[in-house]
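*Asks:* Make a model of the complete structure from these sequences and hints.
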Amino acid sequence: MKAVDGVNLEVCANQAVGIVGESGCGKTVTALSIMGLVPDPPGKVVGGTVLFKGKDLLRIDTEELYNIRGKEISMVFQDPLTFLNPVLRIGDQVGEVLRGHQNLSRKNVTERVIELLDLVRIPSAATVVDYYPHQLSGGMRQRVLIAMALACNPSLLIADEPTTALDVSVQRQILTLIKDIRKRLGTALLLITHDLGIVAEICDIVYVMYAGQVVEHANVFTLFESPLHPYTIGLLRSALSIDMMKKELVTLEGNVPDLVNPPSGCRFHPRCEHAKSVCKEKCPRLVEVQPTHFVRCWTEGGE
Amino acid sequence: MTFKKYVARRTLETIPGVLAVIVLAFVIIHIIPGDPISKFVGPFETDIQYVNMMRERFGLNEPLHIQLWKYMANLLQGEFGRSVHGRPVLDIIAERIPATLMLTVSGLVFALVVGIFLGVAASRKPYSVLDSFSMSVSIVGYSVPVFWLAQMLVLVFALELGILPAGGMTSVREEYTGLAYISDVAMHLVLPALALGVNQLALIGRLVRSSMLEVFREDYIMTARSKGIKEKVVVYKHALRNALLPVVTATGMQVGYLLTGAVLTETVFSWPGLGRLLYESLNFRDYPVLMGMFVIISISVVLANFFTDIVYSLLDPRVRYG
Amino acid sequence: MAVVGLAVTVFFVMVAFLADFLAPFDPLKVGVAKVLQNPILGFPMGSDHLGRDILSGVIYGARVSLLIGFAAAGMSALLGILIGAISGYLGGNVDAVLMRITEIFQIVPSFFLAILLVVFFGASVWNVTFVIGMLSWPRSARLLRAEFLSMRTKEFVQAARSVGEKNLFIIFSEVLPNAIPPVVVNTSLEVGAAIITEAALAFFGLSDPSAVSWGMMLRNAQTYLRQSWWTAAFPGICIFLLVAALNLVGDGLNDALNPRLKER
Numbered sequence: 338m339k340a341v342d343g344v345n346l347e348v349c350a351n352q353a354v355g356i357v358g359e360s361g362c363g364k365t366v367t368a369l370s371i372m373g374l375v376p377d378p379p380g381k382v383v384g385g386t387v388l389f390k391g392k393d394l395l396r397i398d399t400e401e402l403y404n405i406r407g408k409e410i411s412m413v414f415q416d417p418l419t420f421l422n423p424v425l426r427i428g429d430q431v432g433e434v435l436r437g438h439q440n441l442s443r444k445n446v447t448e449r450v451i452e453l454l455d456l457v458r459i460p461s462a463a464t465v466v467d468y469y470p471h472q473l474s475g476g477m478r479q480r481v482l483i484a485m486a487l488a489c490n491p492s493l494l495i496a497d498e499p500t501t502a503l504d505v506s507v508q509r510q511i512l513t514l515i516k517d518i519r520k521r522l523g524t525a526l527l528l529i530t531h532d533l534g535i536v537a538e539i540c541d542i543v544y545v546m547y548a549g550q551v552v553e554h555a556n557v558f559t560l561f562e563s564p565l566h567p568y569t570i571g572l573l574r575s576a577l578s579i580d581m582m583k584k585e586l587v588t589l590e591g592n593v594p595d596l597v598n599p600p601s602g603c604r605f606h607p608r609c610e611h612a613k614s615v616c617k618e619k620c621p622r623l624v625e626v627q628p629t630h631f632v633r634c635w636t637e638g639g640e
Numbered sequence: 104m105t106f107k108k109y110v111a112r113r114t115l116e117t118i119p120g121v122l123a124v125i126v127l128a129f130v131i132i133h134i135i136p137g138d139p140i141s142k143f144v145g146p147f148e149t150d151i152q153y154v155n156m157m158r159e160r161f162g163l164n165e166p167l168h169i170q171l172w173k174y175m176a177n178l179l180q181g182e183f184g185r186s187v188h189g190r191p192v193l194d195i196i197a198e199r200i201p202a203t204l205m206l207t208v209s210g211l212v213f214a215l216v217v218g219i220f221l222g223v224a225a226s227r228k229p230y231s232v233l234d235s236f237s238m239s240v241s242i243v244g245y246s247v248p249v250f251w252l253a254q255m256l257v258l259v260f261a262l263e264l265g266i267l268p269a270g271g272m273t274s275v276r277e278e279y280t281g282l283a284y285i286s287d288v289a290m291h292l293v294l295p296a297l298a299l300g301v302n303q304l305a306l307i308g309r310l311v312r313s314s315m316l317e318v319f320r321e322d323y324i325m326t327a328r329s330k331g332i333k334e335k336v337v338v339y340k341h342a343l344r345n346a347l348l349p350v351v352t353a354t355g356m357q358v359g360y361l362l363t364g365a366v367l368t369e370t371v372f373s374w375p376g377l378g379r380l381l382y383e384s385l386n387f388r389d390y391p392v393l394m395g396m397f398v399i400i401s402i403s404v405v406l407a408n409f410f411t412d413i414v415y416s417l418l419d420p421r422v423r424y425g
Numbered sequence: 382m383a384v385v386g387l388a389v390t391v392f393f394v395m396v397a398f399l400a401d402f403l404a405p406f407d408p409l410k411v412g413v414a415k416v417l418q419n420p421i422l423g424f425p426m427g428s429d430h431l432g433r434d435i436l437s438g439v440i441y442g443a444r445v446s447l448l449i450g451f452a453a454a455g456m457s458a459l460l461g462i463l464i465g466a467i468s469g470y471l472g473g474n475v476d477a478v479l480m481r482i483t484e485i486f487q488i489v490p491s492f493f494l495a496i497l498l499v500v501f502f503g504a505s506v507w508n509v510t511f512v513i514g515m516l517s518w519p520r521s522a523r524l525l526r527a528e529f530l531s532m533r534t535k536e537f538v539q540a541a542r543s544v545g546e547k548n549l550f551i552i553f554s555e556v557l558p559n560a561i562p563p564v565v566v567n568t569s570l571e572v573g574a575a576i577i578t579e580a581a582l583a584f585f586g587l588s589d590p591s592a593v594s595w596g597m598m599l600r601n602a603q604t605y606l607r608q609s610w611w612t613a614a615f616p617g618i619c620i621f622l623l624v625a626a627l628n629l630v631g632d633g634l635n636d637a638l639n640p641r642l643k644e645r
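Chains as they are written, first to last, in this note's numbering: chain A, 338 to 640; chain B, 104 to 425; chain C, 382 to 645.
If you are wondering where the hints come from, they were derived from the structure by calculation, not from laboratory data.
Only pairs whose alpha carbons sit at most 25 Å apart, straight line, appear in this in silico DMTMM-like list of lysine to aspartate or glutamate:
#1 A:K381 x B:D234
#2 A:K408 x B:D322
#3 B:K333 x A:D393
#4 B:K335 x A:D398
*Replies:* Right, here's the structure in full:
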């Protein structure tokens, strides 16, 4: 089963790129594969390259990869409760990144950790350093994850659904925090989410994924103003209907396809109201129908 | 709940356990064929005066509930009756405890150290040929009767190869002091501790392996790896510390079996502990000592469980800092 | 591996069955060989300090071990199922009391309790079997009770109840089939444990003097270990092989019957 099939992704320095899609569309796997974190077994990277600052991350040796992880590229995960080690103190877990990549004295590490906790706006940072994860609230824990990711000032921050597990009000705080940090540190961001609202706020470029493939990508304004792929249009419609509190919730018909036996031709055709006979037979390629706006669809500009 | 409260609560919960043991011993004394007095003075006691005094002491002429009360009170004051050889039961048992403790702890430490090491190693290459093999080996290790293993070890290492002593805690011919004494005892401790530890080692190894495999699937391991931390550190610092928690609990539950093994091993090695005492008491029909040993060993197991709980709560910050 | 275990177990069972034909001598007969004869033709496992043939002892010992092992495990299973079922089904006060009693038996180290009981009640094959069986029921009882408790709330029991089916019928047709596999696995492991317990008791002198037990042979061997390795090696290795085989079978049963619990 191919969780990710032929995905091409590009993130430029200081840019914020978002990957949007329903659960199971392969966005997390895409993100994990960048740093070689796909669990093997049961997963496996079978092809492709990951170019970072001129090097293919899939082919460098382990020493170098360890150097890049946490230092040049780092990741923030979804559920801060399960993604923090319950038996280690916060200060220890954040400090680890520093100790692993920089040669600082013990005292300096502690100082820097407190600095980082301050940066992510955790109150009483000096006390929190000695706490264990279960003693903090969900929002606090997520901030800790962000602090850990920023410790060595990475060039790229990958955030996998960073706000999904949080309360709405806390979500807002975390988003503001992320925006601030981007402004201050200039870190590039790869944001993975199913929430179009977040994408609209933070991202410069958006990729829409469906069933392991990219079906559309463009800069954020273009995508929201003139979406082309039926799936994207459907997503926007249902998101907006919630926002505008319409009487009827507009949803996309059908279910996410089984990736072991994907639909023939275009993977979206069973759910598409514009499906033609060619859609069932051949899978469309990703085509640039307007400058920097790519779509994978027979109706909208495929060949 | 704060740590102090937790300790207090566990202490309170342990008391019924101790009392239950005493009540059980009391029940046994009375349902067993024969005059209950023989459980306090032995079956051959001829001094009538002494016998009557003990009858008085344990209230054997009075109704059952008074007897139970007197029994408990006596036990808690250390009065267990007298051995057939004439000495107070508690004294005899108490002087054997250190040797047994030394052996039991050594065996456990050996089992833990080797078991954890092997379990971690197996968990890093799961489902490999080596792994399946070690799983079968662990079943074998768990099945070997400890007293037979002890005998075989004596045969091979002591009698055939002559590199380790065949029995006892100290060399009979020499009188060592200080460091020489310690090393002499240590030499005598090697084979018994080895024999004792094998059963537990197999269990611990298995448990550590499966616990580690579970922990490796946890999300925080992914976080650790994404930070660029070396794999060795991930395994030992992040994974093992979490994986050991159930091992602590399981070890606590095994204390009873560990003591059983110790007692059997001591018999083979003439180790001067409770095991030898048990063997001799059975030969001499020394009922008071047998009853006393039962009560003390059972209470020790209850207390060991209590301590294991406390150790666990110290290790798991979620319990300690509630 | 489990198949190997099964084969070895069957081997021992056959030996025990055919003991009368296989054993060259009466194992208890004194002086059939020279005292402490080392293994030679005619006495392939040597003789003990009273000139008794070790090979015959080993063969007949299989009988005692298997008999006591299976009987005690069976008894413990029956007792455990009964108590667990009553406790799980009736619940409430009955359950509370039974569980307290079960706890007491689990806390107290069973070997020492067994020693006491056998010392005072006498060491006959029947007694030893009874004592061992009596002390291992807590595990089975807990397993069964847990199944009952979880079944109680499960939908299909409630559905059956609502249709008016009699309680007993529900128990037999719905609840028991699910509860049996873990109990079977547990019992198969209990057989090995029972055999070791019996041998350990015999090692302490608490075995039926008229029945040859491997543990008893090891006890006798202890004094003469220096001169005669064969008196300890052969009986002991049989205990080891039989118990290991039974445990392998138990493990195999576990993999087969509890696929959900099996690690991926």
